[in-house]
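Student: Protein chains in written order, with the numbering used here: chain A, 5 to 437; chain B, 12 to 355; chain C, 4 to 348.
Hints may contain errors.
Derived lysine-lysine pairs resembling DSBU-like cross-links, with alpha carbons at most 30 Å apart [to be verified]:
(1) C:K75 with B:K13
(2) C:K134 with C:K144
(3) C:K5 with B:K25
(4) B:K25 with A:K167
(5) B:K13 with A:K184
(6) A:K378 with B:K120
(7) A:K167 with A:K285
(8) B:K25 with B:K251
(9) A:K378 with A:K167
(10) B:K25 with C:K75
(11) C:K144 with C:K292
(12) A:K357 with A:K336
(13) C:K144 with C:K75
Computed footprint of chain A on chain C; a stretch qualifies when at least three of its residues, placed anywhere within it, have a C-beta under 8 Å from a C-beta of chain A [as the list claims (entries may be wrong)]:
(14) 53-61
(15) 110-120
Since the hints were derived computationally from the structure, they do not count as laboratory data. Predicted, not measured: the structure shown is a model, and the values here were computed from it. Cβ coordinates follow ideal geometry from the N, Cα and C atoms, glycine included.
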Amino acid sequence: MNLLIFTPVNANSSIGGVTALVVHELIAQGCHVVVVSTESRDLIIAQCHNFATWILPWDDELVIRSLIQSADACIYQIGNHFAYHEGALRWLFEFPGLICLHDFYLGHLFASWAELNRVHADFILDQWYGSELARQFFTYSDSQSFIHATSQLMPMTEWVCAKADAVITHSQWGCGRVLKACPGPVLVVPLPPDAIIYPIGIGGSEGRTLNILAIGHVNPNKRVEDLLEAIGASQSLRERAILRLIGHIEPAVRQSLMVLASGLGVNLVIEGVVDENNLIKAIEQCDVVSCLRLPVLEAASGAVVKAMLYGKAVIVANAGFYAELPNSCAVKIDPDINNLQLSSALEDLLNDKAKVRRMGAEARRWASETFTSKHYAHQLIALVARMHSVIPINRALVNICLMYRHWSPVRAFLDSPEIMHPLRIFDITGKDI
Amino acid sequence: MKIALCSSYVPFIKGGARNIVEWLELMLQEQGHHVERIYLPQVDTPDLLFQQMFALRWIDLSMADRIICFRPQAHLIPHSHKILWFIHHIRSFYDLWHTPYRGFQDDYKISGFRDALHHVDDVGLREAKSIFTNSRVVAERLKTYNRIESEVLYPPILHPERFHSAGFNDEIVCICRLEHHKRQHLLIEALRSTKTPVNLSLFGVSSSSEYLHSLVDLISELGLASRVRLDNQWISEEEKVSRLSSCLAAAYLPVNEDSYGYPCLEASHSAKPILTTTDSGGVLELVDDGVNGYVVEPTPLALADAMDRLYLDRARTVAMGTQASEKISAMRISWPHVMQRLLQ
Amino acid sequence: MKVLVVNNMAPFVWGGAEELAMHLQSNLIISGHQAEILRIPFQWEPSRRIPSQMLMVRALEVANVDHVIALKFPAYLLRHPRKTLWLLHQYRQAYDLFDAGQTNLPTGSAGHELQSVIRHGDLQAFSESAKIYTNSEVTRKRLRKYNGFDSEVLLPPVNDPQLFPGGIAGDYIFAGGRVNGLKRQYLLLEALALADQRVRLLIAGPPDSPEDALRLQELVERLDLVDRVKLDLRFLPRAVYASYLNQCAAVAYLPYDEDSLGYVAMEAATAAKALITTADSGGILGLVKHQETGWVAQVNPEDLAMAMNAVYTCSEQTSCYGQSARILWESMNINWPETINSLLQ
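The whole structure should be built from the sequences, with the hints applied where relevant.
Tutor: In C-alpha cells form, the structure reads like this:
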C-alpha cells in the first residue's frame with residue numbers, strides 16, 4: 005500500500021510523535037510511506053521526529069500533486085493548532101482522504117484558516133450551524149468566551165470531516181458530529197499508548213469506599229439510572245460508594261438524576277464536561293470506571309481503553325467490543341441490564357478492594373499490549389482498504405449533487421424520496437454532503 | 012402484456028446480445044404482446060460507472076407489466092416484476108479479474124471499486140423475480156461470485172424452420188466472424204494433415220485485416236488454395252441456410268466462449284454434426300463427442316483426424332447430424348419454451 | 004459523422020415525434036452519416052418523479068458519438084459537447100399550461116419547486132446547446148417568452164412528398180390525423196349539420212381511445228349525418244391516406260392551439276389542397292391564410308359551416324387556394340437535406 009501522510013513533524017508535536025511511531029509500524033507491515041510536513045512556513049522546525057522515510061514540505065506543489073496521484077490514500081493528521089496543520093488543510097480540501105482526528109474541537113484551527121478565507125468561512129458556518137450562530141462566531145472578544153461559546157455549538161468538526169473519505173478518531177466523545185459529516189466509514193481506534201505518560205502508581209480511593217467513575221455523554225438513557233438504582237438497592241453501597249459522572253449533560257437530565265439519587269440515598273457527584281487534565285485526575289482517583297452504554301461504534305471506546313491503560317478495572321455491557329475484554333479486568337453485565345446483577349457486582353468490588361486493584365493492574369497490562377502502534381497501523385490499513393469500496397459511491401453522489409445544484413438547493417435532493425429511495429441498494433444513508 | 016426489454020449498449024457498436032433482445036421482441040409481438048426495447052448507453056470505466064448505475068435506478072418503467080433485463084448493469088433498473096436473462100457480468104471485475112485480460116492494474120482503488128460493484132450486484136440481482144442465463148457457464152459465474160441460483164435458458168435462433176438438410180457433400184463449413192479467438196487458422200492447419208479429400212469453407216467478416224491476411228497467407232503457404240475457400244464478406248441468411256443444408260459438417264472452435272454460439276445451433280437445425288475442441292467452453296454444453304459431433308484436442312492433427320472420420324464414416328456423420336437436430340428439443344432450445352419461462 | 008438522435012420514450016406510445024425521429028435517422032443516413040436513435044423512457048405522471056428522471060438523463064454517459072440532436076424535455080438534458088436542439092416539446096405543464104391551470108404539477112410550494120427545477124434544467128440545456136431550433140413559430144415564441152432564449156424555426160419536412168401529387172378534386176372534405184378531443188373532429192360534424200346538403204366529410208385516422216371513436220359515431224347518428232359522413236377510424240396504411248388526401252376537395256384540420264404546422268396541413272399543401280382551420284388552432288396558421296390558401300373560421304359551428312360551404316361555391320377558387328397553399332409551402336424550403344444541414348452546422 006502506498007501512503008502519503010500529512011502530519012506535523014516537529015519534535016515538540018505530540019501528534020508528530022504518535023504519527024512517527026505509526027509510520028514505523030506501517031513500514032514494518034509492508035507499506036510504502038512518504039511523509040509531508042504540514043507546519044506553517046514561518047514555524048521554525050529545529051528538530052524532527054524520526055519517521056524513517058522521506059519528509060517533504062507541503063508547498064512543493066508539483067511533487068506532492070504527483071505523489072497524490074500514485075498514492076493509495078492520503079492520510080491527514082488534524083488537530084486544533086493551525087500552525088501545525090496548515091499544510092494538511094491546503095491539500096485536504098482539494099484531495100479528500102483519511103483523517104486521523106486528534107481533536108474534536110477545531111474552533112481555533114478554523115478561526116486561523118478563516119483569516120485568509122473569510123467569505124468561504126462565513127458560508128461554511130452558515131451551512132453547518134445556520135445564520136444565527138454563524139453571525140456570532142467572529143464576535144467574541146476574548147479567548148475564554150470564544151471557547152465557551154463555540155465548543156458546544158460550533159466546534160467545526162463537521163467542516164473538516166465532510167472532506168474525509170474516512171475518519172479515525174481516538175475516542176467516542178463528540179463522534180456524533182463526525183458521523184453526521186463524514187460520508188465514509190468512521191472508526192474509533194485508541195491512540196497508541198507509547199507516547200502517553202502514565203502515572204506509575206495505580207491511585208484509587210482510600211479505605212472502604214468505592215469510587216465509581218462514569219465517563220461519556222449522559223443522555224437520558226437508563227444506564228446511569230440503573231447504576232443509581234443498583235447502588236441504592238444495597239445499604240453498604242449507599243453508605244460507602246460514590247458515583248461520579250463526567251461528560252456533557254443536559255440541565256434537565258442533571259436535575260432528574262440528582263433528584264433520583266437523593267431519593268435513593270445515593271452519593272452522586274456530577275462534574276459535567278472537564279478538560280483532559282481533570283479527566284486524567286478523575287480516572288486516577290477512582291477505583292473503577294463504568295461504561296454501560298452499548299457501543300455505538302464497532303471499535304474501542306476511547307474512554308474505556310484509557311481507563312484500562314491507567315490501571316482501572318472497568319464495568320461494561322457484555323456486548324460488542326466489550327464482550328472481548330478479558331474477564332480478569334472487566335466486569336461484564338448482561339446488556340438487558342439486570343439491576344440485581346449490577347448491584348451484586350458492585351458489592352463484590354466494594355468488599356474486595358484488593359481484587360479491584362489487581363483487576364486494574366491486569367487491565368493496564370492487557371491494554372498496553374493490545375492497543376499498540378502495531379494495532380493502530382493495522383486498523384489504519386484495513387480502513388484504507390474499506391474506504392475504497394465506499395469512495396466510488398460517494399464520488400458518484402457528489403457528481404450527481406453537483407448536477408442537481410444547477411437546478412435546486414442540494415437539500416432538496418437529499419430530502420426527496422423519489423431521488424434517494426432507489427439509491428438504497430448502494431447503502432447510502434442520506435448523510436449531508 | 013406490456014413488456015420492456017432493457018439492455019445496455021454503446022452507440023454504433025453492434026453485437027453483444029442484440030440478437031437475443033431483438034428476436035425476443037419479434038417473437039413476443041407475434042404473440043400479441045406490446046413490447047418496448049430500451050437500450051441505454053453505458054461506459055464501463057470505474058470512475059463513471061456508479062453515477063450511471065444511479066441513473067438506472069431512476070428509470071420509471073412502472074407502466075410495463077414486467078421488464079426483462081439483459082446486459083449489465085441493466086439488471087439494476089427497478090421494477091416490481093423484473094426478470095433477468097443474464098448474459099454476462101462486467102467481466103473485468105468478475106471472472107477476468109485474476110487473468111491478464113482484466114484491463115486494469117491491481118490497486119486499492121480498483122479493488123475497492125470491485126468490492127462496491129460486487130456488493131451492489133449482490134443486492135440488485137436479488138430484486139429479480141426470476142433469473143435466467145444463456146448458458147451454464149454464466150450460471151456458474153452467478154453462483155460463484157454472487158451466490159445466486161439461476162436457470163439456464165438457451166437463446167434460440169429466429170425462424171429455425173428455415174434450416175434443413177439437403178444432403179452431405181465434402182465440405183466442412185465454418186460460418187462466423189474471422190477472428191483469432193475463433194481460430195479459423197487452426198482449421199486450415201488441420202486440413203493440411205488430412206488424408207481424405209475433405210474441403211474447408213470459411214465465411215465471415217473480420218474486424219482485423221491483420222488476421223484476415225494471415226489466413227490468406229497461411230492458405231497459400233500450405234498450398235491449400237484448391238481445398239480452402241475463404242469468403243470474406245457478410246453472408247446472407249439465405250446463403251447460410253443453403254451452405255449448411257449441403258455441407259458435410261460445421262466447425263466451430265472458439266477459445267473458451269461463454270455460450271455455445273449461434274453457428275452451432277444453425278448447424279444443429281440443419282441436422283449436421285459439429286466439429287469442435289475440448290477448450291471451446293460453452294460449445295460443449297451443446298456438443299457431445301460422438302453423439303452430435305466430435306470434440307477433440309485443439310491441435311491440427313486431432314482436428315485432421317476428426318475431419319477424416321467425418322468424411323469416411325458417412326453413416327455415422329449422418330446419424331450424428333440427426334442427433335444434433337434432436338438435441339435441440341432435448342435441451343428445449345425453442346421460442347415456445349423461452350416464452351413459457353419468461354412469461355410464467 | 005456519428006449522429007445520435009435523442010428522444011423521449013413514453014413506453015408503449017408511438018406518435019409523431021417517434022415518426023419524426025425515424026425519418027430524421029433515415030435521412031441522416033441518406034446524407035452519408037451514421038445515425039442511431041436513443042429513446043429515453045420518461046413518465047411524467049406522477050409529477051414528483053420528474054426531477055429523478057431528469058437526473059437519470061443527466062447522469063448518462065455517451066461515448067462514440069460525434070453529434071447529438073435532441074428533441075424533447077428531458078431527453079435534451081443529455082450531456083454531450085456537440086448538441087443541437089430541435090425542440091418539438093418543452094414540458095409545457097411547467098410553462099403556458101401551468102399558467103392556464105392545465106398542469107399535472109401540484110398546487111402550492113411543491114408545484115413551484117417542481118416548476119423551478121424544470122426551468123433551471125431547461126436553462127442549463129439551452130445554454131449548453133450549440134444551436135436551438137424549434138418546430139414551429141409558436142414553440143419559438145414560447146421559448147423566448149418563458150426561457151429567454153432565441154431560436155430558429157425549423158419545420159419538419161413531409162416525409163414522403165412524392166406520395167402527394169394532388170389530383171382532381173373529389174366531392175368531400177378530408178379530415179385526417181389522430182382523432183381525439185383536442186383535434187376537435189366533433190366540431191366539423193357540428194358544422195356539417197349546419198352546412199349545405201352537398202357538403203361531404205371524410206374523417207379518417209386513428210382514435211386515441213375507443214371513447215373518441217364512439218363520440219364521433221354517436222354524433223353522426225344524433226345529427227343524422229350518416230349519408231354525408233364517412234368515418235374510417237383506424238391507423239391508415241400510407242397508401243390509403245395518400246389517396247384520401249389526393250382526391251379530396253379540401254382538407255380540414257382544426258386542433259386546439261397546436262405547436263406545429265401539423266403533417267396533415269403540410270401534406271395537404273404538398274398536394275395543393277385548400278385548407279380549413281380555426282382561429283385558435285396554433286401553428287397551422289402559418290400555412291392557412293384566410294381566403295388566400297384556405298379559410299380560417301371562428302371557433303363555432305356556424306362559421307365553420309360557412310367555410311365548408313365556400314369549398315363548394317366556386318371550385319376554381321378552391322383549386323386556386325390549393326395552389327397558393329402549395330406555393331406558400333414550397334417557399335418555406337422545408338425538405339430533409341436542408342433540414343439536416345441546419346441541424347449539423
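Student: State for each hint whether it applies.
Tutor: Verification of the hints:
Annotation: proposed proximity of C:K75 to B:K13 holds, straight-line Cα distance about 24 Å (limit 30 Å). Note on C:K134 and C:K144: the hinted pairing holds, with a Cα-Cα distance of about 16 Å set against a maximum of 30 Å. Between C:K5 and B:K25 the alpha-carbon distance is near 14 Å, which keeps this suggested pair within the 30 Å criterion. Straight-line distance between C-alpha atoms of B:K25 and A:K167 comes to about 43 Å, which puts the hinted pair past the 30 Å bound.
Taking the CA atoms of B:K13 and A:K184, the gap is near 44 Å; set against the 30 Å cutoff, the hint is violated. About 24 Å separates the Cα atoms of A:K378 and B:K120, which keeps this hinted pair within 30 Å; it holds. Proximity of A:K167 to A:K285 is assessed by CA-CA distance (about 35 Å); at most 30 Å being required, the pair is judged violated. At most 30 Å may separate the alpha-carbon atoms for a hinted pair to count; B:K25 and B:K251 meet this at roughly 20 Å.
For the given pair, A:K378 sits about 27 Å from A:K167 by alpha-carbon distance, which is consistent with the 30 Å threshold. A hinted pair counts as satisfied when its Cα atoms are at most 30 Å apart, and B:K25 with C:K75 qualifies at roughly 26 Å. Between the alpha carbons of C:K144 and C:K292 the distance comes to roughly 20 Å, so the proposed pair stays at or under 30 Å and holds. With a C-alpha separation of about 18 Å, the suggested pairing of A:K357 with A:K336 holds against the 30 Å cut-off.
A distance of roughly 16 Å separates the Cα atoms of C:K144 and C:K75; the hinted pair therefore holds under the 30 Å criterion. Counting residues of the region 53-61 of chain C whose CB lies closer than 8 Å to any CB of chain A gives 5, so the stated coverage by that chain holds, three being the minimum. Note: the region 110-120 of chain C has 3 residues with beta-carbon separation from chain A under 8 Å; the three-residue rule is met and the coverage holds.
Comparing the model with each earlier hint shows violations of hints 4, 5 and 7; every other hint is respected.
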